[in-house]
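Engineer: If you want the building blocks of each chain, they are given just below.
There are 2 protein chains.
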Amino acid sequence: MAIKTFAQLMEAALEVGPKTVAIAAAHEQEILLAAADAEKQGLADCILVGDRAAIKEIAEHGSIDIGRMMIIQEPEPKLAARKVMELVRLGHAQIAMKGKIETGDFLRAALDREVGLRVGRLLTHVGVFEIPGFDRLLFISDAGVVVAPTMEQKIEIVQNAIYVAQRLGVKEPKVAILAATEMVNPKIPTTLDAANLAKMADRGQIKGGIIDGPLALDNAISLESARIKGIKSEVAGCADILIAPDIEAGNMLAKALTYFAKAHMAGIVVGGKSPL
Amino acid sequence: MAIKTFAQLMEAALEVGPKTVAIAAAHEQEILLAAADAEKQGLADCILVGDRAAIKEIAEHGSIDIGRMMIIQEPEPKLAARKVMELVRLGHAQIAMKGKIETGDFLRAALDREVGLRVGRLLTHVGVFEIPGFDRLLFISDAGVVVAPTMEQKIEIVQNAIYVAQRLGVKEPKVAILAATEMVNPKIPTTLDAANLAKMADRGQIKGGIIDGPLALDNAISLESARIKGIKSEVAGCADILIAPDIEAGNMLAKALTYFAKAHMAGIVVGGKSPL
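Chains as they are written, first to last, in this note's numbering: chain L, 1 to 276; chain F, 277 to 552.
Derived by calculation from the structure, the hints in this document are not laboratory data. Treat the hints with care, as some may be off.
[Claimed, not checked] Calculated lysine-lysine pairs in the DSS-like style (CA-CA distance at most 30 Å, straight line): (1) L:K78 x F:K538; (2) F:K508 x L:K100; (3) F:K332 x F:K280; (4) L:K56 x L:K78; (5) F:K538 x L:K4.
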């Protein structure tokens, strides 16, 4: 059954049982609160990598119970990130999580040839959104990792997003390749990429979902808007996955949902040995 | 006084008195309803250019009162757009409006050397948004006309947006030049453009507003988010104007606000002899 809310996602995670999560630069209150909460609910066992003294002080000051968590002393964030990747690589943890460290530094550790999680595929970001008033989870990619994807990279972005949606029970997700317009316009290169991706899916070169594009955001998610524009498409108006043309567009879409539409977001980086 | 809601905007427009609006390809129910409503409220006198028989039938069928409106027979949308530009150019109308015609075709008529509204400046789109739960109008540009703006064009986009905000009473609008991150990153060209625009404003090369960038959407509009990121800026957290890096990002931001955050939007194209 497709997971349609974060509450259902939580139930599914509880059924699977706790995963071991290694957190890089865990010396931050928000992070420790989330870790304690996840442990309490039986979702995760946490390994905290960071400034041990700072972690203990923050926990004490905020009355956060970190008694059951292992702490590994590594105050320098970049080294903490490397340590976290090592833990995952060696199988001591299943998930690498970012604490008080720049996203770029965290990803550089994940991509490191020596300790990183590369398996020869592209690492891509998939945002999962629960939006008030919207009837299903919406998956958006790539809003956080790949800056200006080439066509080859867009194929991997689409494939990774389909994988995440399928893991959350959407058997054959509907994928909209977004652009500023639904018309293929030689002057707008993103519409050409979108048309190419859609045709690749028609030819079976991208698998697991129903893919169409270019579509504008309105006609990707609103049946009414798709109807007014007269678009005939299995995806128009009912997309599960939105593929942004680049990180700028994806990032703005994701942040508009979070800040103005009050959506809840869970972000995940896939394509490596384990999720980030 | 700054106009903060569409209701206040309506009041201000009523004080100015009705403008003559020429509508290209007016043979559509939504358009006729809006025209009749604007006339009834004393906001506009409308000239309908389009398929006369279709206009009359739609009006009759929908009980829409178009009795006071002049109708000019021109069933072909592209020619109707040219006629509308001519009316504005000759001073018979003050505003050109798009009916049932592709945006591209409408703009091509506006840009036409013979009948168009060019005055040597760039035509740019400014979207004005009223967002539920947000304390002020938000201006976004360019989400509809300039596809991949050069630095020179971005300067005009910023300047036009400042002009529109000022006309709506925001004396010194705060302008956020958006990118996927607030850090200047040599690998992300849009952050470099944003930094350049901000510095041009410091040097007085762009006037009339307080300009900063790069800023990500969250730290442009949320004081809380700007504080957490430790950004020191007069604009961060309190932007009136958001400048998108390109039409894809702008379009997605605008549509996310309209469809998911239930915002009301009024779009205008400025930079020509008269607004579109």
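Engineer: Now, for every hint given, state plainly whether the structure supports it.
Structural biologist: These are the hints, each one checked on the structure:
Distance restraint check for L:K78 and F:K538: the Cα-Cα separation of roughly 41 Å exceeds the 30 Å cut-off, and the hinted pair is therefore not satisfied. With a C-alpha separation of about 19 Å, the suggested pair F:K508 and L:K100 falls inside the 30 Å cut-off, and the hint holds. The straight-line distance between the Cα atoms of F:K332 and F:K280 is roughly 37 Å, outside the 30 Å bound, and the hint therefore fails. As the CA atoms of L:K56 and L:K78 are separated by approximately 20 Å, the hinted pair is consistent with the 30 Å bound.
Between F:K538 and L:K4 the CA atoms are separated by roughly 21 Å; this keeps the pair inside 30 Å, and the hint holds.
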